[in-house]
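Starting from the given sequences, assemble the full structure and let the hints guide the process.
Going down the list, the protein sequences come from chains G and D.
For the first sequence, this note's numbering assigns the number 1 to the initial residue and increments by one for each residue that follows.
For the second sequence, this note's numbering assigns the number 1 to the initial residue and increments by one for each residue that follows.
Worth double-checking, as some hints may not be accurate.
As the list claims (entries may be wrong) - Calculated cross-link-like contacts (lysine to aspartate or glutamate; reagent style EDC-like; alpha-carbon spacing at most 20 Å):
id : chain 1 : residue 1 : chain 2 : residue 2
1  : G       : K30       : G       : E211
2  : G       : K220      : G       : D404
3  : G       : K380      : D       : D185
4  : G       : K226      : G       : E506
5  : G       : K356      : D       : E125
6  : G       : K309      : D       : E59
7  : G       : K265      : G       : D246
8  : G       : K345      : G       : D303
9  : G       : K353      : G       : D291
10 : G       : K356      : G       : E252
11 : G       : K309      : D       : D61
12 : G       : K226      : G       : E211
13 : G       : K429      : G       : D404
14 : G       : K460      : G       : D333
15 : G       : K380      : D       : D70
What the hints assert, rightly or not - Quick partial rundown of chain G residues pointing at chain D, CB under 10 Å, derived from the structure:
id : residue
16 : L254
17 : Q257
18 : Q375
What the hints contain is simulated information worked out from the structure, not anything from laboratory work.
As the structure is a prediction and not an experimental result, all values here were calculated from the model.
Idealized CB from N, CA, C, for every residue including glycine.
Here's the letter readout for the chains.
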Amino acid sequence: MKSLAGPIIGAIAFALIGLQPCGAAEPEPKDGGTIVMATTAQVQGFDALTTRSANRETTMAGGLVFSNFFTRNDKGDRVPDLGTALDSSPDGLTWTLKLRPGLKFSNGAPYTAHDVANHFQRILNPSRNQMFAAATGSLKEAVAIDDTTVEFRLAYPWAAFPSIFLIDNFLIWVMPTEHEKTAGPDLNRRPIGAGPYMMTEWKQDDSITFEKNPNYWNPKAQHLDKIVIRFLPDPTARFTALKTGDIDIFYEPLGKQVVAARGDKGLKVVEYVGTGASTVNINTSVPPFDDVRVRQALAHALDRNIELKVGFDGVGTLATSFWGANSEWHCPDVGYPEYNPEKAKALLQEYGKPVKIVLQVQPTAIMSIPAQLYQSFWQKVGIETEIRSIQGGPSYINPVLRGDYQLAMWEVADVPDPDFQVYQAFFSKSGGNITRIKDPVLDQAIETGRRSLDVDVRKKAYCDFSKEMALQMPILLRMQSNYFAITLPRVHNIPLMRRGLVRLNEAWVDPR
Amino acid sequence: MSAFADDPGHETASAMAAPSPMQVRDRLGFRFWLPAVWIAIVVALATTANLLPLPSPIETDFAALSNWPDRTHWFGTDQLGRDILSRAIFGARISLTVGLLAPALGLGIGMLLGMAAGYFRGRVEAVIAAAMDAVMAFPGILVVLAVTAYVGASVPLLVIVLGVLTVPTFMRVARANTLVFAQHDFVLAARAMGATHWRVLSLEILPNVVIPMLIYALLVISRIIVVEGVLSFLGLSLPAPWPTWGNMIADGQVDLATLPYIPFIPAALMFLTVLSINLIGERLRARTDLRGSAL
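As structure tokens, this is what we get:
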């Protein structure tokens with residue numbers, strides 16, 4: 001045994017070295033080649049007023065065409081892209097964005113502050129779309145001062161405002177003013193941006209293709225000749241396509257596929273634990289959920305470690321707030337209800353009436369199996385659960401937005417500032433308050449977090465928010481947002497998957 | 001055998017051992033009996049499921065998650081530790097209930113309308129045929145998807161919707177058969193003797209039409225079982241946790257690579273059941289098909 005120890009330790013050390021993130025030893029980028037990424041959903045389009053929302057596939061495609069004013073490196077530092085500076089007035093009511101001089105759209109037209117201001121005014125026009133009210137916060141207007149300077153005027157100081165320019169976001173995809181005015185309905189499918197790639201082909205229900213933008217300001221960062229995003233909804237088919245080399249990136253694998261890929265030397269797993277969480281939303285305005293004891297009982301009845309095993313194949317972290325241990329907004333010991341079926345029974349006994357509930361899920365095994373698990377746990381404490389399957393898309397989302405639901409599986413996405421996660425969904429006066437929670441402590445914390453420019457004050461506010469959420473339970477927290485992609489080893493330079501996005505703007509590949 | 005030994009005709013009979021087409025048609029053979037035994041077993045298990053020493057089909061066992069088939073769980077357990085044998089047997093109830101009742105409803109209405117159309121002809125036939133054409137113009141599966149998505153699935157609803165959708169085909173088969181029998185001498189004789197329409201239809205035509213209708217119904221049953229499975233797979237049949245073969249397949253599809261027994265067992269059961277019903281129906285059809293007879 002002793003004689004084997006050395007080789008075994010050596011083998012383990014070798015394996016660990018082999019598993020090191022390749023950042024330190026990242027080879028020189030190579031130009032040329034194609035990346036094919038397969039995704040669950042289709043790209044919706046590129047005009048915010050047409051799409052009204054954007055799934056991750058859309059955001060990833062838009063990131064290629066439009067890029068961003070700033071990006072973030074792995075440390076989270078702001079890196080200039082289309083913008084060079086963003087400064088606030090002392091009162092926090094005016095922000096000035098400086099654009100990189102000489103920018104051009106992919107069609108060769110100059111990219112100026114007037115295009116940016118026109119785009120924001122189009123988005124802010126209340127007669128066109130109220131959907132963006134929460135996302136645009138206290139932004140009142142955007143004004144072009146000169147060709148490279150845009151001034152953003154706010155109704156009140158809004159700490160989260162600068163983070164709008166840090167994330168790929170369909171609301172800030174600026175197209176030439178003339179194109180926005182004349183393209184009509186085609187605008188959604190004919191994007192013209194100033195990002196590193198431009199859309200060259202869109203086969204509905206199949207794929208969307210991007211090629212180099214010859215007018216991009218930083219050609220050194222454009223490594224790939226072509227990027228193809230393929231729509232392949234079945235995760236098993238995506239995994240097979242990756243293993244056979246038909247695709248290079250498998251976006252959104254299942255937990256068990258991540259486990260399999262980790263043991264496969266021919267594959268790389270890209271992983272990111274972000275803020276946000278998968279949730280079960282509770283409509284607190286309808287009985288029996290208008291009684292906090294019932295909401296707490298729901299939480300106490302669930303053994304989330306079993307859910308981690310059954311629903312997520314043991315991959316991921318249980319959430320106790322939107323901000324996990326690696327987030328700067330993390331708050332330890334928020335008091336999230338622990339598994340305690342006896343306590344659940346006692347709470348229900350106090351409530352004193354039979355509890356029958358309806359849980360809305362999508363008819364996919366990824367949701368239906370955890371739903372049946374919940375049903376089983378709740379049955380054990382005396383709660384009768386009906387599982388209602390509704391196909392994904394508007395028919396699933398709209399009942400929740402209307403408040404025509406009891407419980408619904410949902411997700412609070414990863415975003416750079418907590419304000420985006422909490423204001424719209426949990427502030428009592430927000431139009432997007434989908435849980436219908438009305439709680440003065442929550443309101444106070446959310447308002448403080450939104451308006452204060454002091455980071456410590458904001459951290460305390462979001463800590464108070466998390467603790468009050470654990471008491472009021474307008475949502476059941478499931479897993480911390482944990483994003484995965486599996487790639488072939490030839491794929492390089494994928495940055496952190498913030499918001500679950502695979503950003504291919506500066507990716508490159510080894511030749512096949 | 002010894003009785004044949006002295007039979008001078010025996011040698012001739014032996015030389016002609018190959019059965020005649022009539023004999024082949026009359027003999028049901030193993031292609032009928034084997035599927036019939038399978039269907040009998042499935043029906044017997046489904047109807048007596050409550051009496052069998054089976055674990056609850058909805059009771060989760062977190063100590064036995066995703067167990068492969070073994071002595072304790074003959075068909076293994078699913079991702080929530082539920083016994084797959086038990087779920088398969090209870091799931092057969094839904095498939096068979098919907099599969100039998102929906103065609104029964106369609107058969108009842110369709111035969112009534114078809115016989116009326118084929119017997120009375122004229123305006124009655126025109127109105128019924130137009131109504132049936134209108135029903136058939138709807139894409140059936142979309143109607144079912146829409147109704148179950150909006151109203152919520154239940155066994156009575158599935159029976160009604162699927163049953164109504166089978167009415168036109170039953171009506172057409174009934175009308176075609178009625179048209180044939182209505183021209184036969186025994187029907188003309190009954191009418192000449194002053195028999196009422198009701199008497200002619202119920203005593204002269206119905207007994208002749210009902211046999212091919214029942215055999216056709218077998219084929220419809222197999223189709224309905226598959227449709228119910230598709231609806232379950234899409235999450236539009238009975239809600240969880242109650243098992244149906246379709247939702248068992250759907251729940252198992254993500255584990256196809258690692259736990260193939262979870263979707264394959266209910267899929268195999270559905271396949272064998274549908275195949276058996278088709279084989280029985282085909283055999284009975286061949287046996288009762290007058291076109292091939294020597295009459």
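Evaluated hints:
Proposed proximity of G/K30 and G/E211 is supported: the alpha carbons are some 16 Å apart, at most 20 Å. A distance of roughly 51 Å separates the Cα atoms of G/K220 and G/D404; the hinted pair therefore is violated under the 20 Å criterion. With a CA separation close to 69 Å, the supplied pair G/K380 and D/D185 exceeds the 20 Å bound. Pair hint G/K226 plus G/E506 holds up; C-alpha atoms about 12 Å apart against a cutoff of 20 Å.
A C-alpha spacing of about 51 Å is found between G/K356 and D/E125, which places the hinted pair above 20 Å, so the restraint is violated. Between the alpha carbons of G/K309 and D/E59 the distance comes to roughly 18 Å, so the proposed pair stays at or under 20 Å and holds. Taken as a hint, the G/K265 and G/D246 pair is honoured in the structure, with Cα atoms around 18 Å apart against an allowance of 20 Å. Our distance criterion of 20 Å between C-alpha atoms is met by G/K345 and G/D303, whose separation comes to about 14 Å.
Simply put, G/K353 and G/D291 have alpha-carbon atoms about 11 Å apart, close enough for the 20 Å limit, and the pair holds. Taking the CA atoms of G/K356 and G/E252, the gap is near 34 Å; set against the 20 Å cutoff, the hint is violated. The hinted pair formed by G/K309 and D/D61 meets the criterion: a straight-line CA distance of about 13 Å does not exceed 20 Å. Between the alpha carbons of G/K226 and G/E211 the distance comes to roughly 5 Å, so the proposed pair stays at or under 20 Å and holds.
Pair hint G/K429 plus G/D404 holds up; C-alpha atoms about 18 Å apart against a cutoff of 20 Å. Distance check on the hinted pair: G/K460 and G/D333 sit about 13 Å apart at the alpha-carbon level, within 20 Å; holds. Proximity of G/K380 to D/D70 is assessed by CA-CA distance (about 27 Å); at most 20 Å being required, the pair is judged violated. Interface restraint check: G/L254 against chain D, minimum CB-CB distance 6 Å, threshold 10 Å, status holds.
The beta carbon of G/Q257 is positioned within 10 Å of a beta carbon in chain D (closest approach about 8 Å), and the interface hint is therefore held. A cut of 10 Å between beta carbons decides the hint on G/Q375: the least distance to chain D is about 6 Å, and the hint holds.
Hints 2, 3, 5, 10 and 15 from the earlier list are contradicted by this structure; the remaining hints agree with it.
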